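**Q** The lines below spell out each chain.
There are 10 protein chains.
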Amino acid sequence: MPQPELLEHFPNPYPDRPYEIFMTCPEFTSLCPIGGVETDAAELALLKGGAPDFATINITYIPAAACVELKSLKLYLWSFRNDGIFYERVVNRILDDLVGAVQPRFLQVSGDFNIRGGIKSVITATHGARP
Amino acid sequence: MPQPELLEHFPNPYPDRPYEIFMTCPEFTSLCPIGGVETDAAELALLKGGAPDFATINITYIPAAACVELKSLKLYLWSFRNDGIFYERVVNRILDDLVGAVQPRFLQVSGDFNIRGGIKSVITATHGARP
Amino acid sequence: MPQPELLEHFPNPYPDRPYEIFMTCPEFTSLCPIGGVETDAAELALLKGGAPDFATINITYIPAAACVELKSLKLYLWSFRNDGIFYERVVNRILDDLVGAVQPRFLQVSGDFNIRGGIKSVITATHGARP
Amino acid sequence: MPQPELLEHFPNPYPDRPYEIFMTCPEFTSLCPIGGVETDAAELALLKGGAPDFATINITYIPAAACVELKSLKLYLWSFRNDGIFYERVVNRILDDLVGAVQPRFLQVSGDFNIRGGIKSVITATHGARP
Amino acid sequence: MPQPELLEHFPNPYPDRPYEIFMTCPEFTSLCPIGGVETDAAELALLKGGAPDFATINITYIPAAACVELKSLKLYLWSFRNDGIFYERVVNRILDDLVGAVQPRFLQVSGDFNIRGGIKSVITATHGARP
Amino acid sequence: MPQPELLEHFPNPYPDRPYEIFMTCPEFTSLCPIGGVETDAAELALLKGGAPDFATINITYIPAAACVELKSLKLYLWSFRNDGIFYERVVNRILDDLVGAVQPRFLQVSGDFNIRGGIKSVITATHGARP
Amino acid sequence: MPQPELLEHFPNPYPDRPYEIFMTCPEFTSLCPIGGVETDAAELALLKGGAPDFATINITYIPAAACVELKSLKLYLWSFRNDGIFYERVVNRILDDLVGAVQPRFLQVSGDFNIRGGIKSVITATHGARP
Amino acid sequence: MPQPELLEHFPNPYPDRPYEIFMTCPEFTSLCPIGGVETDAAELALLKGGAPDFATINITYIPAAACVELKSLKLYLWSFRNDGIFYERVVNRILDDLVGAVQPRFLQVSGDFNIRGGIKSVITATHGARP
Amino acid sequence: MPQPELLEHFPNPYPDRPYEIFMTCPEFTSLCPIGGVETDAAELALLKGGAPDFATINITYIPAAACVELKSLKLYLWSFRNDGIFYERVVNRILDDLVGAVQPRFLQVSGDFNIRGGIKSVITATHGARP
Amino acid sequence: MPQPELLEHFPNPYPDRPYEIFMTCPEFTSLCPIGGVETDAAELALLKGGAPDFATINITYIPAAACVELKSLKLYLWSFRNDGIFYERVVNRILDDLVGAVQPRFLQVSGDFNIRGGIKSVITATHGARP
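These protein sequences, in sequence, are chains X, E, V, D, U, L, S, H, P and Y.
With this note's numbering applied, the first sequence covers 1 to 131.
With this note's numbering applied, the second sequence covers 1001 to 1131.
With this note's numbering applied, the third sequence covers 2001 to 2131.
With this note's numbering applied, the fourth sequence covers 3001 to 3131.
With this note's numbering applied, the fifth sequence covers 4001 to 4131.
With this note's numbering applied, the sixth sequence covers 5001 to 5131.
With this note's numbering applied, the seventh sequence covers 6001 to 6131.
With this note's numbering applied, the eighth sequence covers 7001 to 7131.
With this note's numbering applied, the ninth sequence covers 8001 to 8131.
With this note's numbering applied, the tenth sequence covers 9001 to 9131.
Please note that the accuracy of each hint is not assured.
[Stated by the list, open to error] Listed next, the in silico DSS-like pairs over lysine-lysine satisfying Cα-Cα at most 27 Å (straight line):
hint : chain 1 : residue 1 : chain 2 : residue 2
1    : P       : Lys8074   : U       : Lys4120
2    : H       : Lys7120   : H       : Lys7074
3    : V       : Lys2071   : H       : Lys7074
4    : S       : Lys6120   : L       : Lys5074
5    : D       : Lys3074   : D       : Lys3120
6    : E       : Lys1074   : U       : Lys4071
Since the hints were derived computationally from the structure, they do not count as laboratory data.
Small disclaimer: the values here were computed from a predicted structure and weren't measured.
Kindly produce the complete structure, drawing on both the sequences and the hints.
**A** Following this line, the structure appears as structure tokens:
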């Protein structure tokens, strides 16, 4: 189960300047839902044929009062490792969890998933408007 | 014959947020029409000189109530394999079939066809306006 | 001599939708004019030192009632092979000939010429406005 | 069914010099066998879930008395389009058919197949020794 | 725990010809051992800080009587997903398991691991001699 | 400690024309703060585990009366070498120091930091509006 | 000394159509000023340590009545070879000289200079507004 | 018709040292033979459908007493422009003509022809042995 | 001063199999010696103009009884950060220190240093013979 | 005129180990001889049409007692800037001058010259045998 409580933040050292932070994590992995049903029973999922998914997660945001702590973001992304979850939910869930954690002026999450069945998918969701 | 009835969809889990989905399929193949006449008599076409065409199909859309089911999209694209069909029709037909299947807020189909006679073609058609 | 009469067209199968067609031909060749004078006396030109020029011709257009027939475009581009002609005229001439042939909503021709004397040139001309 | 009878040849114009010919065809496609059983019942295969395979076929050879006619090679490779056949057999079969057709001094066939299930395969088989 | 019993094989269709098979899997993942101790207590490892490792596994072999079944190889590689294991052991273990499964004439395994602490590692182990 | 007093400038030779200067320095290095505390006690930091950070610093500006002297910029960037400092501060600090030194019409600093913990960061801050 | 008198032009064959011409010269070289003083005493400069600079000069323009003659542009760019001159002046000087020679509707010069002291510079100046 | 009489040479300035010269010409063009019959009736060939071929010609040699004059090589390669000639003959003919002209210690010609009918060809012929 | 005492090792888990380990560290930095004299007085060196050097260090080895511990290698490479040292010594010193630490069957160190004064250097030293 | 007297050397710090040094200089420039006659009358050459040549010079050597001093190599390569000299002589001359300066165990010089008249040249000369 994604664990948003792992996300930590620190005070933005330049809160008055709307600068942009881009982070890319090429090592995201989760599991495919089994029979179209999402699950977080990890070992179970893998054994029953819930194939691993791999993605690069790209995050762009303009901080307001707080910045995402980098190491905690890494731990949060690891928490998807053994969940059976759809692509659309991965991206929108990360968006919601990050917005909840740091209340940014703007935030965009893009998940670039490895090819499956000869088709590659990229899902992009946005919170707020880029100035 | 393209088989739009193969296309399946599932409810958009985040229907209120206009997020974007991009899918690319580098393994599209159909046949060239024979003597300028389109046909779906597959074996016939190949034997009579209807040369195979190859393309990458890129699809970008913003879902409304429904999302395209990925495996069904793959099967739908396979259904062009033995048809004799022009480039322009391939792209516009996929656009129409996908719009019919999921009624998106916005949808764009681009077909990037391999070089023929020393010329490469890319056809791009759009439904609705990108926000 | 460029032969616009070689250009053929066929009815646009989707005339109501303003979709875009991009074609790239990396195998264009013509000759350099001799002593700054353009000519179409092919063998003559080559023997007198009219050096071959090589270019990639990129064409983007939005068809109205008619589409350019791909094979006829190839033959038309071949008809420049033994002419002595300036870069600027190559690009504007192709633009004029294509506009004459299919009366598109929009058309752009770009000629990307190989390096000569340590300098590379790209000429781009446009008919109509891209929506 | 692969049709080796499509392969044509012409006399090697320089039979005394052991020169090398490399040909690459990035547009090879066949079908995956259904349930592990190879078949040439094309439409049947595709409908039952025999997924399309895509590969680049690379051929290197040193001709003896005869050279492979390029257009006939293309038609021969097309003849795999609707067969259900394993990767290993594709490559070894092309090797055997080409050796049968032109009796070269040396011939190597390499099939570079698109990723399936997250794994990419390249199979390489050789006839004779490269000098 | 790696599960070599998942590996399946099928009879080599061309056992008399020493041809080569290369497979590359860019989606390998395992966990870093905790405190330098290897473990297969998956959830435990991840929670205690056993960071995920990512690698591309490249396998080249010349089959004797049997070939590795591709889907079973995928499942076997998935079985490392939640183990805490060193790079050196990953590569040598895969080598041993594959040699045990198909008794090839030659086999080489190379693990190309993602950068950690600013250093990237590639480990390569070989069974038998390449002809 | 970053030493802005190292920055030198010279009169803009074309002060009336708002032209743009882009400089990229792929060799920036500083240290990670120890225990989340920034420091400039260099040797101390490295010994206690303040790991080195590496970045490419990209600077784009439109000069007003003065231009940044290139060699002095190099020396200024070197002055971060043994400081423990956060990414966000590196970029905003360089922005502030350069604005202080040459009062440009527009200035943007982007720090593209090497991957750490499987995540790459790019921070971008801007002074003034690009025309 | 840059020699603008070398620049020649010819009548624009399509003066009524605002088409664009891009030229790139990857072989520009000049010398670094000695002790911050610009000079055109070539041999002197090189002997005293005025190090060679190398750049790619990119020029984009929309011709009005006249086009730049390509060979004369080459000779003009060669005339900087043995001058000691700053980057900023190189780019603005070429802009002024070309505007003086052909009075274009729009002209942009960009100088992309090789890395010096670990820093790369790109200077871009513009005359008129791109439509 | 290829014109080997255009090839000129000059005395090798370092005849005692077996050094290597590599030349690559990415701008070779000839015509496809009509109906499988080679011809040098240029205009005729093009009009009757002898399609243009394009290749990069790579030449590597170790000179003995004489070196190939670069400009004359260019003119010689131009002399194939309007001939209908097979790939195999292009490469072997250039090899024979160059060996005849400069009697090198070693010479290799490789013709890398653009894709035709979805297949790319590279022909390589050699005179003498590379030390 | 390089600190070889930082290098740690662990027992090779497969001591009987001569497998190969490649490690690449793209983040090596040291200082240029001042006035041609090597020094380890860090701050001093940087202030007096001992410019930073940057390199990628590539290490390939075949372990005997012991393997290099990855984190200790990272710390060892960090220990060059503030030394003034020549390229040749960097590479040979790392070779000697690693050979001293793990007594490998074979070891090669290659230092690929960033461009300085328009020249790039790569130094490669080897201990033992690669099988 | 090339000035070999500019080349300086320093004692090889590891004279007993035959390690390899590779240096690449992408910024070499000289002039083309006028009318086939080599000259060192710089300004004269450029004015009379001796066009600039550009090359990347690659040098690989195994030092014996002495190493080439990097800055002096740079100055030596600059000394060709205004000479009219053939490609073959550039490469063999640098080889001879470096061998004269440091008496290496092995030395190879390769000059990779920019395209002229649509043809690119690479000349490679060697002193001694690579172990």
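**Q** With reference to the structure, classify each hint as holding or not holding.
**A** Status of the hints after comparison with the structure:
no.	hint	verdict
1	P:Lys8074 <-> U:Lys4120	11 Å, holds
2	H:Lys7120 <-> H:Lys7074	24 Å, holds
3	V:Lys2071 <-> H:Lys7074	31 Å, violated
4	S:Lys6120 <-> L:Lys5074	11 Å, holds
5	D:Lys3074 <-> D:Lys3120	24 Å, holds
6	E:Lys1074 <-> U:Lys4071	20 Å, holds
Checked against the numbered hints above, the structure breaks only hint 3 and satisfies the rest.
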